[in-house]
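Number of protein chains: 2
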Amino acid sequence: MPSISEKGMLMPASPIRKLVPYAEEAKRKGRKVYHLNIGQPDVPTPSSALDALRNINLKVIEYSHSAGNESYRKKLSGYYRSIGINIDHNELLVTTGGSEAILFAMMTCINPGEEIITPEPLYANYNGFAVTAGVKIVPVTSYIENDFALPPIEEIERKITAKTRAIIICNPNNPTGYLYSADELDRIRDIVKKHDLYLFSDEAYREFCYDGASHISAMKLEGIEKNVVLLDSVSKRYSECGVRIGALVTKNKDVIQTALKFAQSRLSPPGLGQIAAEASIDTPPEYFMEVNREYTARRNYMVEALNRMPGVYCPKPKGAFYTVVKLPVDDADKFAQWMLEEFEYKNQTVMVAPASGFYSTPGLGKNEVRIAYVLNINDLKNAMEALAEALKAYPGRI
Amino acid sequence: MPSISEKGMLMPASPIRKLVPYAEEAKRKGRKVYHLNIGQPDVPTPSSALDALRNINLKVIEYSHSAGNESYRKKLSGYYRSIGINIDHNELLVTTGGSEAILFAMMTCINPGEEIITPEPLYANYNGFAVTAGVKIVPVTSYIENDFALPPIEEIERKITAKTRAIIICNPNNPTGYLYSADELDRIRDIVKKHDLYLFSDEAYREFCYDGASHISAMKLEGIEKNVVLLDSVSKRYSECGVRIGALVTKNKDVIQTALKFAQSRLSPPGLGQIAAEASIDTPPEYFMEVNREYTARRNYMVEALNRMPGVYCPKPKGAFYTVVKLPVDDADKFAQWMLEEFEYKNQTVMVAPASGFYSTPGLGKNEVRIAYVLNINDLKNAMEALAEALKAYPGRI
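Protein chains in written order, with numbering that gives the first Met the number 0: chain A, 0 to 397; chain B, 0 to 397.
Check each hint, because a few of them may be wrong.
Since the list gives no way to pick out one identical chain from another, each pair is judged satisfied if it fits inside one copy or across any two copies.
What the hints assert, rightly or not - 16 Å max Cα-Cα, derived EDC-like pairs, lysine to aspartate or glutamate:
id : residue 1 : residue 2
1  : Lys365    : Glu289
2  : Lys58     : Asp41
3  : Lys162    : Glu113
4  : Lys225    : Glu154
5  : Lys162    : Glu5
6  : Lys17     : Asp332
7  : Lys73     : Asp281
8  : Lys135    : Asp146
9  : Lys315    : Glu144
10 : Lys325    : Glu114
11 : Lys315    : Asp195
12 : Lys325    : Asp253
13 : Lys26     : Asp146
Derived from the structure by calculation, the hints contain no laboratory data.
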């Protein structure tokens, strides 16, 4: 039997994969499991998207253009211009989810063996795409003690070598919920410019900023227009993760032309998803205001509930719908498994994502978990109650 | 400005990319252009697929399982069993088109720098995925003089080195339309077994076999069950290229488990496409009989018309809906461009795909083109008439 490739062996499994059988077993026992482990929002998809599908009047579901349907690209570039990102429809490619935008950016800009710097905790799938592209992730650790602010710029600069080709940031951040300030982004811009690096900016959570804080796109940073590659997704914006539609956006024509060749090899992005995504651009502002109100309430409730638990520390994130929380436990992986395998409170339990999977440096995040506040307040209350009881009962408490 | 990656530079552009602006220009001049260059069928998508979309009753378009919705995987494994491929729903992954199945197979089974052997002419996008995966395509030439039959097995065996990890075949073949015989497949099986290679079998055109010829899946070859990875797509089967749903199927559990890690990194295959594809499995046999009748008629018409043109040779393919044709021209790239740029007959012209892009060996296919018979008979007649006139008028005729 022929063997598996080295990259296949290196590919990380998803941080929660090991836990899935325990969650399934808990459900088989009739236990209610609150899923705080994944970023699958419960927010309804805009009706304009669903209506567009219900009114579909195609005879043949054809390939779209490899760069995406022109009608969608035009409307999407209008969306970007409406938020001050001045691009036209030839400066973006429609991708199969934000995932493919990340992969195309790495394949287009970085050679195998070269390096990409990223603050950690990081979006875990960057590791997978880096393995696929043969690229080395170089982490710069941010700390819960600073609420996961950007590490000092000297720390980042110290990691730059002759092999460094890019920096990737996720803003607002998955998994920490951290929203970068204008000052932090300016510091990133300065080193990107100084060392002529690419800056990949993953802004899938742009619409999820709280407390009146505003999101600053890397596309607006002056003097590095040809260095910035925006990686985007409609998954969270319109609560349509399943359509698998994202975008790669850049003023760098060489990057667009090269990424298009990768796009041509896979023929086209999903056609039905593009129909839904195009219709979603008409979503009225009230939808986002309502979503923002809801997430703000959830976050406020959750952060307070967590910080009331003895030994727990939760920063108050300004964006996305995640937070990385410090727990008074010996090992968050064990704790997460124990909650599913052995614990119940009123026949309920909680699934969280151990944070170790969001660090690239081995050994970090051992007593941290990522929590996604994607449940309604009532479920969130029950989940927090169960989590508080679990922390009291857990034998590995420290 | 930071530079583009080496892989980005190496990525081949699509074989017809250069011609697209000329086609657009011809249309701007008011000319009718018959597209024989792409495999976008005009056959209607089954109504069951479109109805499933029109009746969608989701509130949230959520991520599906990374391996694909369980309901779809179960139904799809039933489809495979119905054609004698004995697998269950854990022996397949739903992929984003057949494209992603090809990429996952390469990433999972072959290391960068290692080799994959394939008969040429080959599906041009294998080149792109090979660049992405860092894998070297090693072609074994098949010849139009033999109607593109499998090259002698000694020819293939001679190409095997310490770096060879896999053979990839496309059956029925895109671009040649060739359908492998039981005997040819047995010979491939023997060397796969002898050298313990992977056999990737791209069977996207399984349903398109003519003259009563039957398709033999590589999944049925005895003694190499753990070596075979079936790469599949619903694009052509149900005329729904735009849904971007394919599958990677294998009895090799290590391959499934490893490919699943690549699948997890991109989260999930398209959700709406899976709905359409799942509903398509109910398509009644009459649909396929009608499609088969139609393509047989088109093929018969086209092959005859081509072979009537002086200096032209067209094999009579038994599968898919392509044929590679030899033309009496100095350079098929130039001829294809000339037809779009300078030629018209009754204000009509034809777009074909020069075959050079389907060869991996430089210099081959110079007087061949790939023709897709995806137009109705009437359009096909006009296209053949225009092509015959073009061959008479072309200054580079030999």
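Verification of the hints:
no. : hint            : verdict
1   : Lys365 x Glu289 : neither (36 Å within a copy, 61 Å between copies)
2   : Lys58 x Asp41   : between (32 Å within a copy, 9 Å between copies)
3   : Lys162 x Glu113 : within (5 Å within a copy, 24 Å between copies)
4   : Lys225 x Glu154 : neither (25 Å within a copy, 48 Å between copies)
5   : Lys162 x Glu5   : between (22 Å within a copy, 14 Å between copies)
6   : Lys17 x Asp332  : within (9 Å within a copy, 53 Å between copies)
7   : Lys73 x Asp281  : within (13 Å within a copy, 36 Å between copies)
8   : Lys135 x Asp146 : neither (26 Å within a copy, 47 Å between copies)
9   : Lys315 x Glu144 : within (12 Å within a copy, 72 Å between copies)
10  : Lys325 x Glu114 : neither (30 Å within a copy, 47 Å between copies)
11  : Lys315 x Asp195 : neither (34 Å within a copy, 56 Å between copies)
12  : Lys325 x Asp253 : neither (43 Å within a copy, 36 Å between copies)
13  : Lys26 x Asp146  : neither (34 Å within a copy, 58 Å between copies)
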